[in-house]
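Protein sequence lines, in the order shown, are assigned to chains B and U. When you line the first sequence up against this note's numbering, it's residues 9 to 114, in that order. When you line the second sequence up against this note's numbering, it's residues 279 to 669, in that order.
Please keep in mind that the hints were generated in silico from the structure rather than gathered at the bench. Don't be surprised by glycine CBs; every beta carbon is placed ideally from N, CA and C. One thing to keep in mind: the hints can contain errors.
[To be verified] Listed next, the stretches of chain U that the computed footprint assigns to chain B, with coverage defined by at least 3 CB atoms under 8 angstroms from CB atoms of chain B:
{"hint": "1", "segment": "343-356"}
{"hint": "2", "segment": "360-372"}
{"hint": "3", "segment": "454-464"}
[Unchecked claim] Simulated restraints, written as ranges between beta carbons of each label pair:
{"hint": "4", "chain 1": "U", "residue 1": "Asp363", "chain 2": "B", "residue 2": "Gly29", "range": "34 to 40 angstroms"}
{"hint": "5", "chain 1": "B", "residue 1": "Asp100", "chain 2": "U", "residue 2": "Ala422", "range": "34 to 40 angstroms"}
{"hint": "6", "chain 1": "U", "residue 1": "Ala664", "chain 2": "B", "residue 2": "Glu70", "range": "25 to 31 angstroms"}
{"hint": "7", "chain 1": "B", "residue 1": "Ser20", "chain 2": "U", "residue 2": "Ser414", "range": "43 to 49 angstroms"}
{"hint": "8", "chain 1": "B", "residue 1": "Ala83", "chain 2": "U", "residue 2": "Met666", "range": "32 to 38 angstroms"}
{"hint": "9", "chain 1": "U", "residue 1": "Gln485", "chain 2": "B", "residue 2": "Gly66", "range": "39 to 45 angstroms"}
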Amino acid sequence: MPTITYIHSGGSEESIEAEAGTSVMRTAILNGVDGIVGECGGQAMCATCHVFVRSVDGELPEISDDEDEMLDCTADERQGESRLGCQLRAGDHFESITVVLPERQV
Amino acid sequence: MPDSIVIIGAGQAGVTAAVTLRERGWEGEIHLIGEESAAPYQRPPLSKGYLSGAESSDDLLLRAGHLFERDQIQLRTGVSVRRVDREARTVELSGGEVLAYDALIFATGSAPRALTLPGAELDGVHVIRTVQDADSLRQSLHRAGGSVFIGGGFLGLEVAAQAAKLGSVTVLELAPQILGRVLSRESASAISAYLESLGINIRCGVQLREIEGDVGSVSAVVLGDGERIPASSVVVSIGAVPRDELASECGLEVNGGIVVDSGLRTSDEMIFAIGDCAKYPSLFAGIDMRVESVQNATDQARYVASVLTGGDHGPRYSAVPWFWSHQGERKLQIAGIALPDDEARLVEHDTESGKLVVERLRGGDVVAVETINAAGAHMKARRLLAEMGAR
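Make the full structure from the sequences, and use the hints.
Have a look at this one:
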């Protein structure tokens, strides 16, 4: 199964096996990983599932125009490795991924 | 500091309030009471991906069930509140249990406005509010025969765009235009033209006489002039009414919603109301109003959680309102709040891609921006309005 490792802003880590097709955002919500809000339910409309991708085994999709615009409006400032967790799906885009969570989502 | 917080309603507002209280370090009891038997879920997908079948009921969950336990949030589902005793500061649950509260939050939401028309009770007449509503609507739309939508608001039109993939669809609107109350004429016309391009027959300015049935099931909608529109499904989506009965019964001020001040407090100091049910003085609209949106529910929930945990939330609730709706393949977003009389200025319209930007102005100031397929302009508007709100 694909694996997602979340690194909290404080430094602690948790690794979770994700269902294929489930996003980094959704996996966090279903497993109680704090630090991801995902208010719009994964429509790339709210920018509250911001993550910094540290490493990835797989090929992430290009950043769409919508995602690009949303990333300009995140609560913690955008960096080079910023993505929206709702756009990154286990299996489809990666076998394993490590993401750092921002301090704030809203 | 109070020891026990009771939250009535386990939708987006109630759940966000409970979770945020814990996140902010609240150590007392949190009781979250949900009338529906299902675990707390998100409603927006009910008229979008869940209805189409692209998303499952697991995808709807606001959070996994075990997390409420982990966070020591006492969640009760399938339980309603019978009465609130403000003197004793207790709520009595449908099973007879009595809970004491130090602070109480109404997050009771809203309910579909009922259609008063002969035949409204027939099988095949649907509303969209709960997961059961969406399940039964999905089955109904897959049956042969056309569907008729009563009411041309965001919710009904989202469903109509999906139903158009399955059969003939007619939208009936009493007003001269769909979305007239909530959008500028420019944006509403663009949505209307797009929906018509999907094959939807939109009829505005109509009167309704009755819904006709055949052995208890809907067969047609009859217009005021006697015209009969055959239908095997009728979807009624004519707005929502606040769930403010309980608040009214315990003597709180209600007036088309539970009346709260700019800090979301009711006429009782230790009782708050948030989300769809709360009527509050909107900084952005300049009037008292209710707002039905995920943003409103969650931002108000976080505000009250901050008040109850002594955060730096500011003296009044002032989050920028924003809203989204999927109309078929088009993404509509609104930042800010416009009133029907506010001026409209068309900034950009590309009919091919559907991209549209319309500013709404009041006294020369931009108070809202409506966009279609233009996330960048939407986000820019939100930032701008946030600066305005902070002034």
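Verification of the supplied hints:
Requiring three or more residues with a Cβ within less than 8 angstroms of a Cβ of chain B, the coverage given for the segment 343-356 of chain U holds, as 3 such residues are present. Coverage of a stretch by a chain is defined here by at least three residues with a beta carbon nearer than 8 angstroms to that chain's beta carbons; for the segment 360-372 of chain U and chain B the count is 0, and the condition is violated. Counting residues of the segment 454-464 of chain U whose CB lies closer than 8 angstroms to any CB of chain B gives 0, so the stated coverage by that chain is violated, three being the minimum. The beta-carbon spacing between Asp363 of chain U and Gly29 of chain B, approximately 49 angstroms, falls outside the hinted interval of 34 to 40 angstroms.
For Asp100 of chain B and Ala422 of chain U, the Cβ-Cβ distance of about 35 angstroms falls inside the hinted range of 34 to 40 angstroms, so the restraint holds. At about 29 angstroms, the beta-carbon gap between Ala664 of chain U and Glu70 of chain B stays in the expected band of 25 to 31 angstroms. Between Ser20 of chain B and Ser414 of chain U, the C-beta spacing of about 45 angstroms keeps the proposed range 43 to 49 angstroms intact. The supplied range of 32 to 38 angstroms is broken by Ala83 of chain B and Met666 of chain U, whose beta-carbon atoms lie about 19 angstroms from each other.
Between Gln485 of chain U and Gly66 of chain B, the C-beta spacing of about 58 angstroms breaks the proposed range 39 to 45 angstroms.
The structure fails hints 2, 3, 4, 8 and 9 (numbered hints given earlier, in ascending order).
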